[in-house]
Structure formats: structure tokens, C-alpha cells
Amino acid sequence: MSEKRYIARSSEIAARKLGGEMVIMSAGDSRVFSLNEVATAIWEAADGRTPLDEIIANRVCAEFDVAPQVALEDAEKLVQELASQGILLVSDQPIMRSYFSLRETS
Amino acid sequence: MPCVTRNGRAFLFAGLSGAGKTTIARLAPPDATLLTDEISYVRKLDDRYYAFGTPFTGELARLGENVRAPIGALYLLAKGRDNKIEPIRPADAARGLLENILFFARDPELVKLVFQAACAFTGHVPVRRLTFLPDSRVWEMIA
Chain A
1 MSEKRYIARS
11 SEIAARKLGG
21 EMVIMSAGDS
31 RVFSLNEVAT
41 AIWEAADGRT
51 PLDEIIANRV
61 CAEFDVAPQV
71 ALEDAEKLVQ
81 ELASQGILLV
91 SDQPIMRSYF
101 SLRETS
Chain B
1 MPCVTRNGRA
11 FLFAGLSGAG
21 KTTIARLAPP
31 DATLLTDEIS
41 YVRKLDDRYY
51 AFGTPFTGEL
61 ARLGENVRAP
71 IGALYLLAKG
81 RDNKIEPIRP
91 ADAARGLLEN
101 ILFFARDPEL
111 VKLVFQAACA
121 FTGHVPVRRL
131 TFLPDSRVWE
141 MIA
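Going down the list, the sequences are from chains A and B.
Residue 97 in my numbering sits at position 97 of the first sequence; the count goes up by one each step and never skips.
Residue 86 in my numbering sits at position 86 of the second sequence; the count goes up by one each step and never skips.
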């Protein structure tokens, strides 16, 4: 748990926040996902530059009543799940937009 | 997705196979007009959504009337033990509509446009869950 993790939204999706929940469609295969309020906060902060633990501290623990360690463990599971669905990118390095756009279109 | 107009407004009915789409179209009262029992056509004109009749027929084998009407509501259907209408969360409204859009293109940019159009629609038009018994009294609730 020592290394930093960075997350970025895939460019191959369409997303819209509806009534506090993020609804996401994978543009490649039209699958639809919806995120609850906490997952939506993480998704919105997934800029590729902010480490996941900072996102959890600033966007989750500051706004929702949850202990940091519990929140981080849950967030790890969430980002792995979203990454396995191909809608979120996870890396131990900051993710540059040009880098992942290139990767996804190749 | 069937569409029926009554008292100048159109009502769309969405649901997976077996949810009651054909049933509710069949139960429509005599003063209602069938726009389609199979594939609805919807356009936004002057900031209002309209449904248009289409010639696509489903199980009822009845052509839709060639008329249009502003859309009053989209109902997501389920069969149940009584008739009831419930509000649904905006995210579920968008998902419910997306599951019923006929769309074959594989172009990611087009998929994104369809998604945004569906979200815009559910932001404008009331979307509710309609659970119903298969008899004509359900139409007393539809407005």
C-alpha cells in the first residue's frame, strides 16, 4: 500500500451526472454503468494527476463519514473493478492524457 | 417501445421482453391513438419532445397513425399484483431508456451521441415506473 496510484477516466466513454449519480456508457460496446455518490466523487476526481490516497482524503473522507483506511480499501476495489471494465485507467505513474489517448486508439 | 396518444399527449412504454409493452398498447381505451406498438420515433422540436407514428408493427399487427404529439411521459413497465406508478431515480430513468433504444452502429462517437441524447430526454420528459395488472383500469392512471 506504499506506492502511489493514479486514476484517469477513459476517453472511450460518455458520462453524465444524473441526480447525484454518475451514469457511464462504454462507447465501444454500449454497456452502461452507474456509480453511487461516493464512487461518483472518486470518478470526478480521476484526473490522472491526483494520487488516489489524496482523492480519498479530500473528496471522500472530507465529505462522507468514513475512516481513511476503510475508504482507501473500498476505493482500491472500486478502481480495479472499473479498470477491469475498461472505463478507468489505473497506473503507479501519473497518467498523461496524450499518453492514454494514444494507447487506446492504437 | 410502443407509443400511444391520448388527450393530445403521447405516452411511451419501455421494458424488456415480457414487461407488458404489447399488453398495455392492446389495453389502450377507444379514445386513444396508437402511434406504434413496436418502434417509436422521437424528435426534439423547439425545445419539446414529440413522438411520431411509425409503420413498424409488432404483435398487434396494427400500423401506427401518421400523426405526432408532444410526449407526456415515458413509463418503464413491470407486471405486478396491482396498478401503481412510482418515481424513479434519474440514473435509472436513463438506463431504462437506453435499454430500449434500437441502435446498431458501432462507431464510438455515435454511441456517445446516443447516450447524451437519451440523458437529455430523461432530463426533460417525466419518466416513471408503471407496475400493472393486465386489465384496462391501468389506463385510468396514465396521464
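No lab work stands behind these hints: they were computed from the structure.
Incorrect hints may have been included.
Below are the DSBU-like pairs computed for lysine-lysine, each with C-alpha atoms no more than 30 Å apart in a straight line [as the list claims (entries may be wrong)]:
# : chain 1 : residue 1 : chain 2 : residue 2
1 : B       : 112       : B       : 44
2 : B       : 112       : A       : 77
3 : A       : 17        : B       : 112
What you are looking at is a predicted structure, and each value in this text was computed from that prediction instead of being measured.
Quick rundown of the hints versus the structure:
| no. | hint | result |
| --- | --- | --- |
| 1 | B:112 / B:44 | holds (18 Å) |
| 2 | B:112 / A:77 | holds (27 Å) |
| 3 | A:17 / B:112 | holds (14 Å) |
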